[in-house]
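Going down the list, the sequences are from chains A and B.
Residue numbers for the first sequence follow numbering that gives the first Met the number 0, so the first one is 0 and each next one is one higher.
Residue numbers for the second sequence follow numbering that gives the first Met the number 0, so the first one is 0 and each next one is one higher.
Warning: the hint list may mix true and false statements.
Pairs count within a copy or across copies, as identical chains cannot be separated in the list.
[Claimed, not checked] Computed list of lysine-lysine pairs in DSS-like fashion (alpha-carbon distance at most 27 Å, straight line): (1) Lys161 to Lys96; (2) Lys161 to Lys70; (3) Lys222 to Lys58; (4) Lys96 to Lys226; (5) Lys60 to Lys161; (6) Lys161 to Lys58; (7) Lys161 to Lys226; (8) Lys70 to Lys96; (9) Lys96 to Lys222.
Please keep in mind that the hints were generated in silico from the structure rather than gathered at the bench.
Number of protein chains: 2
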Amino acid sequence: MVVFLNGQFVSEAGAVVSVNDRGFMYGDGLFETMRVVNGRPFRMAQHLERMTRGADFLKIKPPFTPRELEKFSAQLIGQNQMPDAILRVTLTRGPGKRGYTPDAESEPTIVMTLHAAPLQENPVEWSLVTSSFRIPAADPLSPFKTTSKILNVMARAEAAEKGADEALLINTNGEVAETASGNLFWVYGEQICTTPTGRGVLPGITRAIVLEICQMLGLQTNKRVIKPEALRNSQGLFVTQSAFGIVPIASFDGEPVAFSPLVDQISSAYNDMLKREAV
Amino acid sequence: MVVFLNGQFVSEAGAVVSVNDRGFMYGDGLFETMRVVNGRPFRMAQHLERMTRGADFLKIKPPFTPRELEKFSAQLIGQNQMPDAILRVTLTRGPGKRGYTPDAESEPTIVMTLHAAPLQENPVEWSLVTSSFRIPAADPLSPFKTTSKILNVMARAEAAEKGADEALLINTNGEVAETASGNLFWVYGEQICTTPTGRGVLPGITRAIVLEICQMLGLQTNKRVIKPEALRNSQGLFVTQSAFGIVPIASFDGEPVAFSPLVDQISSAYNDMLKREAV
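One chain only, chain A, in its complex shape (with noise of 0.2 Å):
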């Protein structure tokens, strides 16, 4: 497997930061997932924008520009043969001093790794848990994808514990955030739902994918704050995220979901897109 790192193209056994990165010091750092198909990874415009905007609120400065990450990115596919895979970028502060605060002169890391997709042949549908662990209703880092990531790691780690496989995050208003992973969305009658953002929420790729979806096949969304009790009522359940797109919900905190044919709707559109964008 070859890394790219900072301009290189390396073995994985090369692909090495220093202990005192930032990233790895105080995750002092941003990342992006995305999914390659075909050999181009989809929606990259999308996800670099919102590294960019996480950078100039961190005051990163990333030492390559979206076009040349995107170029480097073709490079790495070609190289590893993996025309279907997951992309992951990550940018960090880079090596710098002990100490929280940020040194204005340290060098960023930038690193791309590619991994095994999710096989397409092997639909998934989650069981879905409430997590013990509540979000920061009001946080100004909240729409940006940091890698101080612990709380997520947690909520899966919880999750897998009681058997699941993705946990549903509350803010701490009580109302229903994101899932540790993705965005959620809940199907009521005839609209599709989802939590508007700046509420602990992070604004996905494919949740904004979702929306457009929607509007291209004339079904109703609705951006709605919700207590999890309410989700009960839904007529269906479904995680959107890079990495596995759409994924049904098919139990939420160990009762069966209703599954609405809408949400294989909304499914097939979005992997018809996944292939047209692809070529």
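Dock chain B against the given chain A, drawing on the hints supplied.
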């Protein structure tokens, strides 16, 4: 500079971890920072105890016992000839798979690094400003010092932009919690007050020592929930943290802070303890 990495003493240039280390990918780790005086890390046992509790919670199996780490730290200090320093211990879940769910099989990474000590001859006094970042009031992770510290980094960056040294963190209930790098104490009448743990507050080692010292000195202590406005009525403010010890606050949100002689008394008792235990 020699670094301790996974049981070996390596050069700083060789002190590297995989880009697939979960610490680098997700802030999936823990750390401790302590003052080394006369070759001895101050209260290392208490720091490693907190790290052990954190490792239990995160289900990371430390590759060495606290006793072994104490022995290795003595060798590290000797090899670097740095009897007066700051020691950082980092424990992460080690190299692992992409995706939040932790793998029970992963082999943890353990690192110890030495850093320059603050100059004792140059006693610090900090200016404190209220952060715009809020920490969750009820967070099962707050008793542990994880490496997911982007909020602390950003709070410090925001403070630095305002020309201040330290950031006061308010919890999602609007109560005083802690500072970006330590715990907050205030003097009210003859009482030495601090926030109770368990409302987003890290149980600081130096905080516990100050409570010990107050008992020794016959000073009354009080663990109180307080709103930030009420801090203006205090007769003195100070931050406790492991690198700098006891740091008096000279100004809070631009206003000068009263200075209580009790802060000096506690500070000298702390410095005496630092020297006494280093023999």
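Taking the hints in turn, this is what the structure says about them:
Taking the shortest alpha-carbon separations for Lys161 and Lys96, only the inter-copy value of 21 Å comes in at or below 27 Å, while the best intra-copy value is 40 Å. In this homomeric assembly, Lys161 and Lys70 never come within 27 Å of each other (Cα to Cα): the closest approach is 42 Å inside a single copy and 39 Å across copies. For the homomeric pair Lys222 and Lys58, neither the shortest alpha-carbon distance inside one copy (31 Å) nor that between copies (37 Å) is at most 27 Å. When the C-alpha separation of Lys96 and Lys226 is checked against a cutoff of 27 Å, the pair qualifies neither within a copy, at 43 Å, nor between copies, at 33 Å.
Taking the closest pair of Cα atoms, Lys60 and Lys161 come within 27 Å of each other only across two copies (21 Å); inside a single copy the shortest separation is 41 Å, beyond that limit. Taking the closest pair of Cα atoms, Lys161 and Lys58 come within 27 Å of each other only across two copies (15 Å); inside a single copy the shortest separation is 39 Å, beyond that limit. In this assembly of identical chains, Lys161 and Lys226 lie within 27 Å of each other by CA distance solely inside one copy; the values are 22 Å within and 38 Å between copies. For the identical chains of this complex, Lys70 and Lys96 are inter-copy neighbours only, at 25 Å across copies versus 32 Å inside a copy, given an alpha-carbon limit of 27 Å.
Taking identical chains as interchangeable, the C-alpha atoms of Lys96 and Lys222 are never at most 27 Å apart, the minima being 43 Å within one chain and 33 Å between chains.
Consistency note: the structure conflicts with the earlier hints numbered 2, 3, 4 and 9.
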